[in-house]
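Participant: Sequence:
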Amino acid sequence: MELKGYHYLILGLLLAFAFFSTYSETHLEYPFPYHHDEWQHLGISMQAMEEGYNKVYNPFLGAPGWHADLESGFHLFLANIFLMTGLNPVLSYQYLAAIFAVITGFVIFLCVYRLTGKFYAGILALIVFISLKSNVNILGKSYFVPMTMAMPFIFLFILFFLTSLKEKSHKKFLFSFVLLFLIFLIHPPSAIILGIPVLVEILFNIGFMEKIYEKFRFFFLALPFFALLVFLLLWKGEWQATLGYFSDLLVFEQGWGKIEIAYFLPALYGWAATLFAVYGFVVANKMKLRFFMIFAFVSIGMTAFFNIFGFAVVIPYSRAIHYSMLSLLPLTALGVLSALQLVYRKIENNDALQTLACFVFLLIVVSSSYTLDTQYKTYGQLPLDRQDYNALIWIKETYGSDNVLVTPYFMTSAVYPVSGSKAISLIPSQMGGGLIEENLNFYTYTCDKQEEIAGQANASLVLSKLPIECSFLEQVYSRGDFVYSVRTI
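Using the working numbering, the first residue of the sequence shown is number 298, and each one after it goes up by one.
Among the hints, erroneous ones may be present.
In silico EDC-like links for lysine to aspartate or glutamate, alpha-carbon gap of 20 Å or less [unchecked claim]:
hint: 1; residue 1: Lys583; residue 2: Glu498
hint: 2; residue 1: Lys415; residue 2: Glu464
hint: 3; residue 1: Lys415; residue 2: Asp366
hint: 4; residue 1: Lys746; residue 2: Glu771
hint: 5; residue 1: Lys465; residue 2: Glu498
hint: 6; residue 1: Lys415; residue 2: Glu299
hint: 7; residue 1: Lys469; residue 2: Glu507
hint: 8; residue 1: Lys585; residue 2: Glu464
hint: 9; residue 1: Lys463; residue 2: Glu507
hint: 10; residue 1: Lys693; residue 2: Glu348
hint: 11; residue 1: Lys762; residue 2: Glu748
hint: 12; residue 1: Lys693; residue 2: Glu771
Since the hints were made in silico from the structure, they are not lab data.
Note that the coordinates shown come from a computational prediction; the quantities given were computed from them, not determined experimentally.
With these hints in hand, go ahead and build the complete structure from the sequences.
Facilitator: Shown next as structure tokens:
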């Protein structure tokens with residue numbers, strides 16, 4: 298299908314809407330990273346910028362501790378972007394989710410359009426993607442984390458992989474696996490979840506794979522050595538410790554995500570969108586688009602496994618929910634488009650009714666959304682507000698970055714990225730640790746207990762939302778937040 302000017306206009310308007318809707322969802326009145334995962338990923342990236350990559354201590358606490366960076370592609374991307382542009386990492390982070398929503402939306406459109414040959418199938422997939430829900434539990438396009446960055450590469454991989462099989466193109470096949478390796482570096486679960494659909498497609502194209510093996514035999518022979526290298530990098534010194542570590546990486550018990558919500562996928566994704574996706578299975582089968590069908594079966598199967606057995610394997614339940622919705626996008630688009638074509642045949646001589654039918658179908662799809670997620674749409678307590686940010690910047694400008702701070706517990710993820718200083722504890726997310734219980738209750742303790750905790754943590758400054766009247770503290774800042782210097786004997 299040859300695209301015309303109005304096709305590009307439709308696509309451009311939808312991508313612009315994807316940017317503004319994603320940005321306004323979280324950052325219209327909040328100019329900082331929102332999710333604790335975002336703050337801690339940013340902190341790991343800033344450590345790489347300032348001190349070098351993969352240091353053996355926790356930058357948020359300044360405490361020894363090795364963190365196996367399994368998402369190095371994401372952290373190095375952030376580090377290089379901020380180093381090359383000179384942008385303020387904290388204040389510019391707010392735009393990244395919206396930018397990647399546009400990139401992902403475009404790649405989803407391109408993937409579905411190229412594989413189906415139907416422009417409006419791609420457009421419908423893009424529209425459903427824009428309408429997907431996000432919250433602090435399942436994450437999604439509104440938060441810039443490794444899973445978000447991996448999303449466009451997932452659909453780009455699918456496009457090149459399936460095209461290579463159709464065209465018997467060795468170069469496109471090799472490039473698709475370069476993309477898969479890139480996905481693995483950014484977010485390993487995103488690469489792993491593609492494994493089963495890839496294997497099924499390979500079995501259906503075994504003749505082509507024999508030719509690929511002959512042409513790239515060295516690559517296949519190198520795979521066991523690559524697997525051994527990964528194993529050695531994750532080796533913990535003894536078998537029991539190593540196997541336990543792998544178990545922690547691959548098995549996710551109930552409660553892993555702190556907020557454990559059981560989702561009913563048709564309600565979350567949308568009843569109408571789900572019904573159209575079911576019809577889309579039939580259409581995809583006729584078009585021999587097995588990959589989309591298997592991708593959906595695998596993703597949904599992982600959520601069902603968790604609901605039945607109480608634990609998830611390879612991918613946490615909340616992330617599998619998000620993959621399930623992503624996998625249904627092409628199927629929903631095919632289902633809606635095919636249903637519209639059936640309706641159009643009934644009213645083929647009435648342009649007004651055809652237009653009305655199109656709007657009604659779209660309205661049904663994008664409005665049949667789940668409402669429970671609004672309960673977890675936002676945090677009850679934000680990690681940082683403008684007054685907190687100003688206070689942390691003042692500390693950095695006045696005292697430098699070599700400090701240990703007592704701050705409200707929910708601010709701990711932001712202390713290092715904003716001020717360069719350390720906190721006395723860290724809310725568990727990508728990392729964690731420190732004096733968590735003491736930090737949680739610090740502002741309710743007596744002055745003697747507060748002094749004891751400050752001494753135990755070697756804290757030199759205390760940041761509080763409210764005034765503190767203790768003799769061991771000297772007020773040095775009082776513009777919204779209050780900052781106190783710890784008096785030493």
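Participant: For each hint, tell me whether it holds in the structure or not.
Facilitator: Hints, verified against the model:
| no. | hint | verdict |
| --- | --- | --- |
| 1 | Lys583 - Glu498 | 16 Å, holds |
| 2 | Lys415 - Glu464 | 19 Å, holds |
| 3 | Lys415 - Asp366 | 41 Å, violated |
| 4 | Lys746 - Glu771 | 17 Å, holds |
| 5 | Lys465 - Glu498 | 13 Å, holds |
| 6 | Lys415 - Glu299 | 10 Å, holds |
| 7 | Lys469 - Glu507 | 16 Å, holds |
| 8 | Lys585 - Glu464 | 15 Å, holds |
| 9 | Lys463 - Glu507 | 15 Å, holds |
| 10 | Lys693 - Glu348 | 17 Å, holds |
| 11 | Lys762 - Glu748 | 18 Å, holds |
| 12 | Lys693 - Glu771 | 18 Å, holds |
Of the hints listed earlier, the one the structure fails to meet is number 3.
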